[in-house]
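Student: Sequence:
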Amino acid sequence: DWDFGLTDRQRRPKPALAAVRDAFAQGPAVADTDWPSASVVVCTYNGSRTLGDCLDGLADLHYPSYEVIVVDDGSTDSSGEIAQARGVRVVSTENQGLSAARNTGFRAACGEIVAYIDDDARPDPEWLRFIALELINSEHAGVGGPNLAPPDDGAVADCVANAPGGPVHVLLSDRVAEHIPGCNMAFRREALEEIDGFDTRFRTAGDDVDLCWRLQQCGHTIGFAPAAIVFHHRRNSVRAYWRQQRGYGRAEAMLERKWPERYNRLGHLRWSGRMYGKGARSGLRLRRGRVHHGTWGTGLFQSLYEPPEGGMLSLALVPELYILLAALLAIGALGAVWRGLLLALPLAALVGAILVGRAIGGAAAASFASDTARRRDRLRLYATTSALHLIQPVARLLGRLAEGLTPWRHRAPRHASFPYPATHRLWGEAWAPVEQRLRALEATLRARDITVRRGGEFDRWDLEVHVGLMGCSRARMVMEEHGAGRQLVRLRRWPRCGVHGALALAALAALAAAAALDGAPIVAALLAAACAALGLRAAWEAAGANVGLDRAVREWATESGLSELR
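Residue numbers (this note's numbering): 136 to 701.
Please keep in mind that the hints were generated in silico from the structure rather than gathered at the bench. These numbers come from a predicted model, not from an experiment. Where is the CB? At the ideal position from N, CA and C, for every residue including glycine. Some hints here could point you the wrong way.
What the hints assert, rightly or not - Distance condition first, Cα-Cα at most 25 Å in a straight line; then the derived DMTMM-like pairs of lysine to aspartate or glutamate:
hint, residue 1, residue 2
1, 413, 584
2, 413, 455
3, 413, 597
4, 393, 584
5, 149, 216
6, 393, 685
7, 413, 512
8, 393, 143
9, 393, 329
10, 413, 255
11, 393, 597
12, 413, 287
13, 413, 329
14, 393, 261
What the hints assert, rightly or not - Label-pair restraints from in silico Cβ distances:
hint, residue 1, residue 2, range
15, 558, 336, 37 to 45 Å
16, 155, 331, 27 to 35 Å
17, 339, 484, 44 to 52 Å
18, 271, 575, 49 to 57 Å
19, 145, 309, 31 to 39 Å
Make the full structure from the sequences, and use the hints.
Tutor: This is how it looks when you write it as structure tokens:
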């Protein structure tokens, strides 16, 4: 009956619990380790409510050689006095933002390891040891660990801990991360010096994501230490959670402007790894899970990894889905003019069902610290968590829109010509592999502030340039070898309407035709005009992408010593 574990079914401790507790109390057991010196940086701005608890936890760290630096980023409360009273090193500055404060702490640090923890987090006593162990035993430039919500923060904080949008890590494997959140991260000092620290344009959020990407761009890796735990307080009110998510939305927009190649056309980040943490999954199961027990029970354990969530459920977290819902409701309201537009209302109902289903499923998957609460209290927790799942994409959307990350955004170049396919024929006397030439062209495009992304392993194109949501230009390069290092480079580029644009055009055209056949000429004319405007927009964006690509090709050819053949 699988009646094993650390407690019995009534949660009474077994002797195994004491044995495991003693084993963990002795860890990490590393004999004769030359521990590197460490500097723990705490950046605070009006964080007096939690700063004292954070510093008390840092004072209890089991680590032989470390210092604590508090960067007071222009606080107007008693944060500076709290830090001074605990005898840590305090650096006071004018309010310049989180990333500037983290740079201040990094430059004031003396340790070989520079670790960061938020002023509303408390570390486990062994936190710094596990961070250092991971750096000692690897070549990683930085290391992060989990951040867990304390169990006694209150009902709203408990719900926020189960809501989406929290600080979570993104893992490429069990030990390698794509991103580690800023509340629990540490870096080798030389790695921070190599990239000159954090980008100060990110004042409240996004600087940790940017730093991880820049380190990886330089060839470094980020490690993950699952035992390096900090207890991170979640927002304790719905208003605070709303402000946090709006700030994250603004940070997403700023990251998209700096790293457009990492985002899709809608402006959503394409993580290579998997995101972990509460609120990241809906809790709904479209199919039953299966235990891998093997033939005749010879399999060792059930599967450790769950398959990624389906597109319909993950779609509910896309902020722009609310724009689609509003558009469908507006179109449905126009059904009073022509009843054919009432077809938008069932689609709006479907979108609403996806949103509500995702919220209910997310709440169903939640686990609360107050499991012994009365049934009525648990229902209130589930209802609040469902509401947070619904408002989180709205807050993110408003932050993204305020910072300019809109589906209708337009990037340079703004000049256009007729969108037609063409081929560049370039002659070169100095041999180079096609990968090198494509990387150089890609760098030229990015230097001109043109959004470009690479084709995947199964794509029949090499580079894609787009200036908006509707249209783009794709390119494919081939080379002919003519001996003695001479090459003929052929670069074919052609315009293309995006999938989203094609679907919108088809829907508008179908509605216009239906309205005309149903004897509603005014509605048909309006829909046809909207279809034409959208088509012109797609053609204009594709033409702009063509122009940007052509200009970048000429600049790249000149720099590479290639001459264009007519």
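Student: Compare the structure with each hint and give your call.
Tutor: Status of the hints after comparison with the structure:
1. At most 25 Å may separate the alpha-carbon atoms for a hinted pair to count; residue 413 and residue 584 exceed this at roughly 36 Å.
2. Restraint check for residue 413 and residue 455: satisfied, since their Cα atoms lie roughly 22 Å apart, inside the 25 Å limit.
3. At roughly 37 Å between alpha-carbon atoms, residue 413 and residue 597 are farther apart than 25 Å, so this suggested pair is violated.
4. The suggested pairing of residue 393 with residue 584 holds, with an alpha-carbon distance near 9 Å, which does not exceed 25 Å.
5. The straight-line distance between the Cα atoms of residue 149 and residue 216 is roughly 46 Å, outside the 25 Å bound, and the hint therefore fails.
6. Distance restraint check for residue 393 and residue 685: the Cα-Cα separation of roughly 23 Å lies within the 25 Å cut-off, and the hinted pair is therefore satisfied.
7. In summary, the hint linking residue 413 to residue 512 is supported, as the alpha carbons are separated by about 20 Å, within the 25 Å threshold.
8. Restraint check: the Cα-Cα separation between residue 393 and residue 143 comes to about 53 Å, which exceeds 25 Å; the hinted pair is violated.
9. Of the supplied pair hints, the one linking residue 393 and residue 329 holds, its CA atoms being roughly 19 Å apart against a limit of 25 Å.
10. Annotation: proposed proximity of residue 413 to residue 255 holds, straight-line Cα distance about 19 Å (limit 25 Å).
11. The hinted pair formed by residue 393 and residue 597 meets the criterion: a straight-line CA distance of about 22 Å does not exceed 25 Å.
12. Restraint check for residue 413 and residue 287: satisfied, since their Cα atoms lie roughly 17 Å apart, inside the 25 Å limit.
13. A threshold of 25 Å between alpha carbons decides the hint, and for residue 413 with residue 329 the separation of about 34 Å lies outside it, so the pair is violated.
14. Taking the CA atoms of residue 393 and residue 261, the gap is near 36 Å; set against the 25 Å cutoff, the hint is violated.
15. For residue 558 and residue 336, the hinted distance range of 37 to 45 Å is satisfied, since their beta carbons lie about 40 Å from each other.
16. Here the CB-CB span from residue 155 to residue 331 is close to 45 Å, at odds with the stated 27 to 35 Å.
17. Between residue 339 and residue 484 the beta carbons are some 37 Å apart, a value that contradicts the proposed interval 44 to 52 Å.
18. The hint said 49 to 57 Å for the Cβ distance between residue 271 and residue 575, and at roughly 38 Å that hint is violated.
19. Between residue 145 and residue 309 the beta carbons are some 34 Å apart, a value that agrees with the proposed interval 31 to 39 Å.
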